[in-house]
Amino acid sequence: MSPLKVGLEFHQRLAFHKLFCSCPSTSPGEASGKVLRRLRASASELGELDPAALAEASRSRLFTYHVDDSFNCLVELDEEPPHLIDDEILDAALEMALYFNMTVVDEARVMRKTVIDGSNTSGFQRTLLVALGSNDSIVETSEGPVRLKSLCLEEESAFIVESGREAAEYRLDRLGIPLVEIATEPDIKSPSQALETAEEVGLALRMTGKVMRGLGTIRQDLNISVEGGARQEIKGVQNLKLIPEIVEREALRQSNLLRLRDLLRARCSPDSLTYDPVDLTGVFKETRSKLILKALSKGEVVYGLKAPGFKGLLGMELQPGRRFGTELADYARVWGGLQGIIHTDELPGYGISEKEVLETCRALDLSDDDAGVIVVGEPARVEAALKAVYSRLLKAFDGVPSETRRALEDGNTDYLRPLPGSARMYPETDIPPIPVSRERLEKIRMILPKKPREKIRELEAIGLNSHMAQQLVRSHYLFVFEKSIRASGLPPVAIASFLLNTLPYVRREGGREFSDEELITVLRTFPSDLPREMIQEALTLFADKNMSLGEVYEELRRRRVGEEDLRAEAKRLVEENISYVKEKGVDSVKLLMGRMMEKFRGVAEGSTIYRILMEEVKRRLE
Amino acid sequence: MPYSEDVEKILSEKGVKPGDRIMLKRDKLIVEGILLPREEVDFGDGSVLVIKLDNGYNVGFRLDGGEIVKLEGSVELGRFKALEKVEQDKALPPVSIFSTGGTISARIDYYTGGVSMLFTPEEVFYNVPEVLKIAYLRRVERLFSLASEDMTYREWSTIARRAAESLAEGDAGVLILHGTDTMHYTSAALSFMLRGLNAPVVLIGSQRSSDRGSRDSDMNIICGLHAATRMNLGEVVVCMHAESGDTFNNVIRGTRVRKMHSTRRDAFKPVNSPPLARVWPDGRVEIIEKEFRPRGTEPPTVDDAFEPKTALVKAYPGSDPEIIDFLVDKGYRGIVIEGTGMGHVPTEPLDGRLSWVGSVRRGLEESVVIAMASQCVFGRVDPYVYRNARIMAKLGVVYCEDMLSEVAYVKLGWLLGHGFDNETVKKLMLHNFAGEISKRSLFSTYRL
Numbered sequence: 001m002s003p004l005k006v007g008l009e010f011h012q013r014l015a016f017h018k019l020f021c022s023c024p025s026t027s028p029g030e031a032s033g034k035v036l037r038r039l040r041a042s043a044s045e046l047g048e049l050d051p052a053a054l055a056e057a058s059r060s061r062l063f064t065y066h067v068d069d070s071f072n073c074l075v076e077l078d079e080e081p082p083h084l085i086d087d088e089i090l091d092a093a094l095e096m097a098l099y100f101n102m103t104v105v106d107e108a109r110v111m112r113k114t115v116i117d118g119s120n121t122s123g124f125q126r127t128l129l130v131a132l133g134s135n136d137s138i139v140e141t142s143e144g145p146v147r148l149k150s151l152c153l154e155e156e157s158a159f160i161v162e163s164g165r166e167a168a169e170y171r172l173d174r175l176g177i178p179l180v181e182i183a184t185e186p187d188i189k190s191p192s193q194a195l196e197t198a199e200e201v202g203l204a205l206r207m208t209g210k211v212m213r214g215l216g217t218i219r220q221d222l223n224i225s226v227e228g229g230a231r232q233e234i235k236g237v238q239n240l241k242l243i244p245e246i247v248e249r250e251a252l253r254q255s256n257l258l259r260l261r262d263l264l265r266a267r268c269s270p271d272s273l274t275y276d277p278v279d280l281t282g283v284f285k286e287t288r289s290k291l292i293l294k295a296l297s298k299g300e301v302v303y304g305l306k307a308p309g310f311k312g313l314l315g316m317e318l319q320p321g322r323r324f325g326t327e328l329a330d331y332a333r334v335w336g337g338l339q340g341i342i343h344t345d346e347l348p349g350y351g352i353s354e355k356e357v358l359e360t361c362r363a364l365d366l367s368d369d370d371a372g373v374i375v376v377g378e379p380a381r382v383e384a385a386l387k388a389v390y391s392r393l394l395k396a397f398d399g400v401p402s403e404t405r406r407a408l409e410d411g412n413t414d415y416l417r418p419l420p421g422s423a424r425m426y427p428e429t430d431i432p433p434i435p436v437s438r439e440r441l442e443k444i445r446m447i448l449p450k451k452p453r454e455k456i457r458e459l460e461a462i463g464l465n466s467h468m469a470q471q472l473v474r475s476h477y478l479f480v481f482e483k484s485i486r487a488s489g490l491p492p493v494a495i496a497s498f499l500l501n502t503l504p505y506v507r508r509e510g511g512r513e514f515s516d517e518e519l520i521t522v523l524r525t526f527p528s529d530l531p532r533e534m535i536q537e538a539l540t541l542f543a544d545k546n547m548s549l550g551e552v553y554e555e556l557r558r559r560r561v562g563e564e565d566l567r568a569e570a571k572r573l574v575e576e577n578i579s580y581v582k583e584k585g586v587d588s589v590k591l592l593m594g595r596m597m598e599k600f601r602g603v604a605e606g607s608t609i610y611r612i613l614m615e616e617v618k619r620r621l622e
Numbered sequence: 001m002p003y004s005e006d007v008e009k010i011l012s013e014k015g016v017k018p019g020d021r022i023m024l025k026r027d028k029l030i031v032e033g034i035l036l037p038r039e040e041v042d043f044g045d046g047s048v049l050v051i052k053l054d055n056g057y058n059v060g061f062r063l064d065g066g067e068i069v070k071l072e073g074s075v076e077l078g079r080f081k082a083l084e085k086v087e088q089d090k091a092l093p094p095v096s097i098f099s100t101g102g103t104i105s106a107r108i109d110y111y112t113g114g115v116s117m118l119f120t121p122e123e124v125f126y127n128v129p130e131v132l133k134i135a136y137l138r139r140v141e142r143l144f145s146l147a148s149e150d151m152t153y154r155e156w157s158t159i160a161r162r163a164a165e166s167l168a169e170g171d172a173g174v175l176i177l178h179g180t181d182t183m184h185y186t187s188a189a190l191s192f193m194l195r196g197l198n199a200p201v202v203l204i205g206s207q208r209s210s211d212r213g214s215r216d217s218d219m220n221i222i223c224g225l226h227a228a229t230r231m232n233l234g235e236v237v238v239c240m241h242a243e244s245g246d247t248f249n250n251v252i253r254g255t256r257v258r259k260m261h262s263t264r265r266d267a268f269k270p271v272n273s274p275p276l277a278r279v280w281p282d283g284r285v286e287i288i289e290k291e292f293r294p295r296g297t298e299p300p301t302v303d304d305a306f307e308p309k310t311a312l313v314k315a316y317p318g319s320d321p322e323i324i325d326f327l328v329d330k331g332y333r334g335i336v337i338e339g340t341g342m343g344h345v346p347t348e349p350l351d352g353r354l355s356w357v358g359s360v361r362r363g364l365e366e367s368v369v370i371a372m373a374s375q376c377v378f379g380r381v382d383p384y385v386y387r388n389a390r391i392m393a394k395l396g397v398v399y400c401e402d403m404l405s406e407v408a409y410v411k412l413g414w415l416l417g418h419g420f421d422n423e424t425v426k427k428l429m430l431h432n433f434a435g436e437i438s439k440r441s442l443f444s445t446y447r448l
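Chains as they are written, first to last, in our numbering: chain A, 1 to 622; chain B, 1 to 448.
Heads up, a few of these hints could be off.
Claimed, not checked - DMTMM-like, lysine to aspartate or glutamate: derived pairs with alpha carbons at most 25 Å apart:
1. B:Lys25 to A:Glu439
2. B:Lys70 to B:Asp150
3. B:Lys28 to A:Glu181
4. A:Lys113 to B:Asp64
5. A:Lys5 to A:Glu181
6. B:Lys133 to A:Glu460
7. B:Lys133 to A:Glu200
8. B:Lys28 to A:Glu200
9. B:Lys28 to A:Asp136
10. A:Lys34 to B:Glu39
11. A:Lys571 to A:Glu622
12. A:Lys443 to B:Asp27
13. B:Lys394 to B:Glu286
14. A:Lys450 to A:Glu460
15. B:Lys25 to A:Glu442
16. A:Lys34 to B:Asp54
17. A:Lys113 to B:Glu32
18. B:Lys17 to B:Asp54
19. A:Lys483 to A:Asp87
For the record, the hints were derived by calculation from the structure and aren't laboratory data.
Generate the whole structure from the sequences, applying the supplied hints.
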């Protein structure tokens, strides 16, 4: 494979209220209202366009925003200027920058990044560059160092509820949550190194204790290029584990596109490709193809475009399950709003008859080496789609076009839009420049979080075994652990075990997530006379039943099963299984313990149950 | 603030000016990009260099003993791309657009973030291409570039004259682009100054800057042009968003409108009156208020007299009547008091010096016309319910019924400008010239 270059953009939500207003960042509230908006493109963004084309481009979609006082104010609705950034949020970003040895700006300037897909009510995303990297700003991986390029603080986009051709709906609860974006230089050379880099950056950020956890709080963008190929920006990788697969498949896609280019060039030159769409509606006037029939009944049209030299190449697989034809379909979808395309490499198919295929080939004047692209839809959409398909066909002669692509769940990517230029960014005039003083940085430098290795040693010193210490540092719970042990009657090992073992188990069993505050409150106050197995129940009562801590522990004391009851049940079990006990001897405790736990899980301490059961078995055997 | 002297000196030594591509080397830091100017009014630090990086971000770095290297690749800042001429459909209703300033006329320089006032027909077409199908923009002219709070009666007069001229030349309507903060003062002034109006004069503005995709200006221009060309109306109106969403605009009589929110798109509300109509961006017009002045055949006359020695004063708990004395001493000819509730000022406070009775009496004796409107915004003043008001009315203060205080101010200045005697001015204050006053307070018109 050709040498690979990967850069990573790591996005992590911070655990503060929103960046440009004081709305909470966590709010499960239902939306109570809707606001309808349209976003408009400007001449300055679209370059040299005639007004008619501009009109078409700005014939914008209708956006519906779901709003509620519990999670948004006028700022997210773009009805009030942004408020100033809170010091503690900027401090968190500064801390992360210093942690990575980056050079912090002397004056930060908030920018507006143009986004008109509706994901931001204003038509732009606010973002500020906080620090730049140097050769000393490094993430170590087992395959070598990766330099960091920049650290930005920006606002999260709105959550998309539904998206269609003409309209989209968003919820405003997520819009404005602060996130840091850390970009690396393209120093990453392998799929596994990409994963390791992401993991190390994530780990470092968690060490600050100032990040959100849970689904969707981390997101990666990948910049990938292959020698001879072109840079791709791949958006929205939420699952870290998918990174190697995406890198691998993108490298594959690019090398296949290069192969396709070579095949193509051997057959013909780009000059042979011209934009001459042919109306094929007549060819299909008696068609049995349901797809086309349905379209024609709505007054839609069928058009075709000759793709000279492309025979067999449209069906060429670029990534598992994605062909060059799929890439063309992406363009038709994005630019023309069509579901897809039909191409001659896949015909006959779609209920299109042999005769119709022949007539199509004749109408498009296809010879042996040529293929044809067919699109179906409203005339205006068909035209936009065919123009986009034409432009993509043309780029095939050059190899790999630079694109912004979207990560798919299987590790493939599809086309989103062209790569943006820097023209998308201009100053946020509503927020004055933010000076960052040396004194401020020095103060933060004094309390920088420990490096993971140091932290692991510290945890081992308070009694955690090395596996547990490593697990804890890599988990999202280090901060909760440290806050809890300071005041808790529980031993550190018990708290760590609860966070690392019990909580994931609860989650797997479909239990709810607890917030850091809930966890810390309960872990700090859990009484030593209650069995530790009841921590989970305490949390549930505290978080869901709205009970005070006093009431919670009172209730648990009522529910706890005493030693007498345990012993009575142990006796009963031993008698019931007396022949088994006699046969297996002390080993029979294993089986009986399981039965006891079924009954007493969570209401009595496991070690107590075990002790009593063992006593009863031994007594009976004597 | 601009760059500090020290920085300016170093820059000029290096022959570097804003717009040049530079590299800043300082310790481990290497930054490359376009040097930007600092804004004139800026909270930042003049010794910090502002650089636009290639990724689009602006960053500020102190020089701090570092080195500046000038590189190839300067750009010209603050230049707007010239737009190509556009052919218009002259069969459409002719309209003139006058821009006076404010957010709606401001254009941002995407490099520096600086705002400048620009306005050509092409800019309208390129930003709002829909316009080409609604009206023939016979004239697009920038009268001034003023923030709306910088306007005076002189500008009102200029706008009135230009609008009247345009209508005399056969326009189907006139569109005025205006800053929003004082748009309701201007709309009131034009309502009084344009006598015998034969077509709509529509004021619009924008609550969001025009650089952003979410700007409200485009829809306000579209709806404003629909109102100017489609309505059978001979009045001055404001046409702005009716809701926070981009759904439809309200057309509100120029003397019955007020900016009621500092930032929202739907800041402009009708007061003590329904909106005249609703207008949708697709051109639909729904008439709400059936009583209005229809279009006519004769162009309007301009009656733009104005007495600048007119003031608007607010009464509040503990307010000192010396303010009235001051105005009288300074030779003011008219004062509108924005009284509390139904039109009250302090008359019997425990601290007798704070009673307004003496100062108001003196003002009236010295031939100042004093009028009363309510700071409640909605509702009607009444001089007969409470003693405080009865005293004022008895002294000779004019109670302005359901007129907005801002409108009362403009109207009083306008009337005084004509040189009538005070009794006539007082009588005319209660005459309905432009829908600013009515006998009936309708149940449905108190809607916030």
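Hint by hint, here is what the structure shows:
no. : hint                 : verdict
1   : B:Lys25 to A:Glu439  : holds (22 Å)
2   : B:Lys70 to B:Asp150  : violated (42 Å)
3   : B:Lys28 to A:Glu181  : holds (21 Å)
4   : A:Lys113 to B:Asp64  : violated (30 Å)
5   : A:Lys5 to A:Glu181   : holds (20 Å)
6   : B:Lys133 to A:Glu460 : violated (75 Å)
7   : B:Lys133 to A:Glu200 : violated (57 Å)
8   : B:Lys28 to A:Glu200  : holds (23 Å)
9   : B:Lys28 to A:Asp136  : holds (8 Å)
10  : A:Lys34 to B:Glu39   : violated (38 Å)
11  : A:Lys571 to A:Glu622 : holds (14 Å)
12  : A:Lys443 to B:Asp27  : holds (21 Å)
13  : B:Lys394 to B:Glu286 : violated (45 Å)
14  : A:Lys450 to A:Glu460 : holds (14 Å)
15  : B:Lys25 to A:Glu442  : holds (22 Å)
16  : A:Lys34 to B:Asp54   : violated (39 Å)
17  : A:Lys113 to B:Glu32  : holds (20 Å)
18  : B:Lys17 to B:Asp54   : holds (18 Å)
19  : A:Lys483 to A:Asp87  : holds (23 Å)
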